[in-house]
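Protein chains in written order, with my numbering: chain A, 1 to 391; chain B, 1 to 161; chain C, 1 to 309; chain D, 1 to 140.
Take the hints with a grain of salt, since some may be wrong.
Within a straight-line C-alpha distance of at most 27 Å, the following computed DSS-like cross-link-like pairs (lysine-lysine) qualify [to be verified]: (1) Lys-71(D) - Lys-95(D); (2) Lys-314(A) - Lys-77(B); (3) Lys-17(D) - Lys-33(C); (4) Lys-126(D) - Lys-95(D); (5) Lys-17(D) - Lys-182(A); (6) Lys-17(D) - Lys-189(A); (7) Lys-95(D) - Lys-292(A).
Over the 12 Å line for every Cβ pair with chain D, so calculated as not near, a few chain A residues [what the hints assert, rightly or not]: (8) Pro-15; (9) His-25; (10) Ser-39; (11) Arg-41; (12) Pro-93; (13) Asp-141; (14) Arg-150; (15) Thr-157; (16) Val-190; (17) Thr-206; (18) Gln-211; (19) Asp-213; (20) Thr-228; (21) Val-247; (22) Val-298; (23) Val-342.
Hints in this document: simulated from the structure, not taken from any laboratory.
Positions of the beta carbon are idealized from the N, C-alpha and C atoms, including for glycine.
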Amino acid sequence: MTGVQKEKFIIPIGPQHPALKEPAHFEFTVDGEMVTSASVRFGYVHRGLEKGAENRNWAQALYLLERVCGICSHAHSTVYALGVERLAGVSAPPRAQAIRQILLELERIHSHMLWVGVAAHEAGFETLFMYSWRDRETVMDILESFTGNRVNYSANTLGGVKYDLGPQQSDSILRGLDSLEKRLHYYLKVVTNDESFLRRTRGLGTMTVEQADALGAIGPTARASGVTRDLRVDSPYLMYADFPIHVITDTAGDLQARFVVRIKELFESARNIRTAMEHLPEGELAVRFPRKVRAGEVVSRIEAPRGGLFYFIKSDGGENPVRVKVRTPSLRNFMSVLVGSVGRQLADVPMILSGIDPCFSCNDRAVIVRRDGVPATEFNPRKESASQSKS
Amino acid sequence: MNTEELLAQAVQLVGDRASAQSVPEPNRIDLAVEPGRLLECVQPLVEAHWGYLSAVTGLDHGPQDGHLEVLYHFCQKAAVLTLRVMLPREAPAVPSVCGLIPSATLFERELMEMFGITCEGTPDTRRLFLSDDWPAGVYPLRKDYIVPTQTKAPEEKGSQP
Amino acid sequence: MSIDIAPILKMLVFPGGLTLLALGLLYEYIDRKLVARFQNRVGPRVLQPLADTIKLLAKEEVIPQGVIPLFFVSLPVVALAGVLTAGLYIPMAGLAPAYSLPGDLIITVFLLGLLTLCIGLAGANTADRFSLVGATRTLTQLFSYEAPFLLALLCPAILADSWQISVVHRSVLGHVWMALPMAIGFFVAVIGLMGKLELAPFDAPEAESEIVAGALTEYSGRGLALFRLGKDVALVLGITLVAAFYLGGLANPLEFLLKTLGLLVLVAALQALFARLRIDQTVGLWWRIGALLALVQLLIVVLLKGVIL
Amino acid sequence: MKIGSMLGEIFRSVFRKPATVQYPYGDRQAVPERLRGTIRFDPEKCTGCTLCMMDCPANAIEIIAIDKPNKRFIMRFHADRCTYCAQCVVNCRFKCIEMSNEQWERAALTREPFTVIYGRDEDLKKFLERTSLEGVKEKP
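In isolation and in its complexed conformation, chain A is listed as follows:
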């Protein structure tokens, strides 16, 4: 991509492009309709969250990091809370842990259903998109009535959770899950049966087990290729040891398999939520958390909807974290897009891209950027390649 090819025709996708309502800039060099190379540039929404966390106290950083991602916000706040609690030698009460887990799985349902819609939209299957998002509202409503917010639930606090699972919430969750499961069975049937849709998903962006392993793919993307990587099983956190889940894998490794894996995972999630609710431990919701956290480093990992989420947290014994490193699953998976799209049709690129369920805001987080004038992106292929080779 850095080589200076004079005659190449680059299709920029993003940051302002309907395929990617997300702030990233991909450049796909095409030959006719065929993609010959790909590169990526992030950073359009750099918010400086890692640096920002260093300037806040432990509790404030929780809410900052919750905003790394709008979709898996609870995953981010949970992984941070778990890490900090481990560092401080505090353990959230069992009931809080179970509630965190229920929320995580509810969030996974909402995230995967969102993805089904987005991927269907990329394939031009608007009807599936509308339906799956309509039914996703069920779980959004559950989350809203549970925590009081649809997106950034802020259910976690250091040392526990804020909201209890009362009978009213239990009812709405159980009712919602029943109807959702029915719908999910239907969607599973559609994505595995509908010929026009299969034509856009089967054999697309295929990754073999070896490739997925070598590229370090994680989450459903890896599991669709047959790599059994799931932190909920590999390294159980919260109550996953007591309420285990089964890893869903597929062998095909194409987009079709990712649909199947993601939807089947949701049945697992629903089952897991039901089990956790049945055996919900009694007790406190939260314990007191110290203002200062003793010095040390901790690696905290959980399985977010998109794959393993990695946090490295370092404390020097003060009121603020010294370093919070966030490695989001999407960043780990992007290489599979860049590698997977080469040699494919341009029309398939949005599909391959959406296949990993990319979350761009998650990636963009590392520094506060204050730009007073954003330079207009030059869409001249020759100029672009020149500036690339210069930098």
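Using the hints provided, position chains B, C and D relative to the given structure of chain A.
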């Protein structure tokens, strides 16, 4: 294989190329590695398919301490093996691991722009996250970079050149 | 003073001009509303297409750098004029066409194709790469669906022994619906019409998730409004033509409304039912299946005709 | 393997109530009980420990002492900065902050309407007198 065995296997793979070893948590082992021997340590892990490179963390120990540190986290199941490379703050450089792990390029691009650590031999040195007009030589995640907290009101922004 | 006012009225008010534009906007609304209801949404309100058009017309038309301004401005006008002209040969509202001459079927199909051609040229005219890819796709699709669509329309024409729309129309009136004996031809005609109008799932030329708005990416304001109107009118004309040929003719305005709206429901349902085809799949489908089916239908018609007569 | 497998579904949904609504008009959905809206402050219970202020991630809360020995405090709340995380509610040991589920559709052209001051009436009066004496010196 359980976590202890996995970690023992990893330590054995790296062998005496690491200069020091510590166990910060039951499922983690940190190995201190000289910058020059990093690739030697990574190679056996990659060849044995021990886990995957989960993240590359940059750490700044502050101007007084005078050190930067690069942490290569390899994860296999619950086990986390971290190769810690201590670098001087002046002209810090590590060899690129992209030759062994091609997908590390995004991590290294981030490391270079955020900490100013040179990854020698990395295929792509363009910025990944920082904006194009970010001043060269300013590395935001270093401790001596102070965040400009005062943000301007939106209407003032437009008048800027 | 003996100015014959009838032709002017025909061109400006009925069946051309205002009537066509109003019907176009109405059918666009019905189409959008139906798709929305199929997707369990509320959908637009009845004046939405008109509001969109007025808004676009009132807006500034940006002429981007690197285009030939004359083409950029004139192509939408030519496109709309083309489809409006085509309206004169078509039995609008079940009444006799305004003008009728031997071979006007070919003229009509050509004029409808002109719209697509103009869109393709408009895309090729700009320097934007989404437009260029869109233009390539538009023209590729133009070549692939034009033949089956024409062949499908030819079947009733051959039966009627004429390439004059009004004659064909008269010949099918009162007979059994052509869609029954010529199911294949009807099927190809409907799909061909959707391909022609770039409706989902044949909307690869304007696939927004890949190439934004395709060939029309650079268009704004008046130019975009005219192209959109052109497409709306083409929708009405295409549906009318297929209904007239295949659904037993349009004897009166009521029949016209019922049959065309019925066809619109079918078209809307097909739009909601499928994922978008890639451009290579569209072309492949057309040439391998569409054209073949149309040929088979044609062959059957010719043979039957030979046997009967 | 089917072509048009959603056929039944799309025709069924024609006869269903649409899932979308024309938002500002028509029936509003009920607000969940736990919805976190604007905060409420009870000056009677406040001891001025400022724990809510310290952990607020958005610096949306200011506790201003009117008469410290007599535990007279007022709260200035910046609704435009608030992220509605409810950390202040958790932090407050005297339960003098709570979140109401009202006032969640907020929009204005300026920031002023979002600044709310809570407190006893006489304290508010004192505070307003003080600020008017000092002129507008308060930091934004």
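Here's how the hints hold up against the structure:
| no. | hint | verdict |
| --- | --- | --- |
| 1 | Lys-71(D) - Lys-95(D) | holds, 15 Å |
| 2 | Lys-314(A) - Lys-77(B) | holds, 22 Å |
| 3 | Lys-17(D) - Lys-33(C) | holds, 14 Å |
| 4 | Lys-126(D) - Lys-95(D) | holds, 25 Å |
| 5 | Lys-17(D) - Lys-182(A) | holds, 19 Å |
| 6 | Lys-17(D) - Lys-189(A) | holds, 24 Å |
| 7 | Lys-95(D) - Lys-292(A) | holds, 23 Å |
| 8 | Pro-15 | holds, 25 Å |
| 9 | His-25 | holds, 29 Å |
| 10 | Ser-39 | holds, 35 Å |
| 11 | Arg-41 | holds, 29 Å |
| 12 | Pro-93 | holds, 14 Å |
| 13 | Asp-141 | violated, 8 Å |
| 14 | Arg-150 | violated, 9 Å |
| 15 | Thr-157 | violated, 5 Å |
| 16 | Val-190 | violated, 6 Å |
| 17 | Thr-206 | holds, 20 Å |
| 18 | Gln-211 | holds, 28 Å |
| 19 | Asp-213 | holds, 31 Å |
| 20 | Thr-228 | holds, 29 Å |
| 21 | Val-247 | holds, 28 Å |
| 22 | Val-298 | holds, 21 Å |
| 23 | Val-342 | holds, 30 Å |
In terms of the numbered hints stated before, the structure departs from hints 13, 14, 15, 16, listed from lowest to highest.
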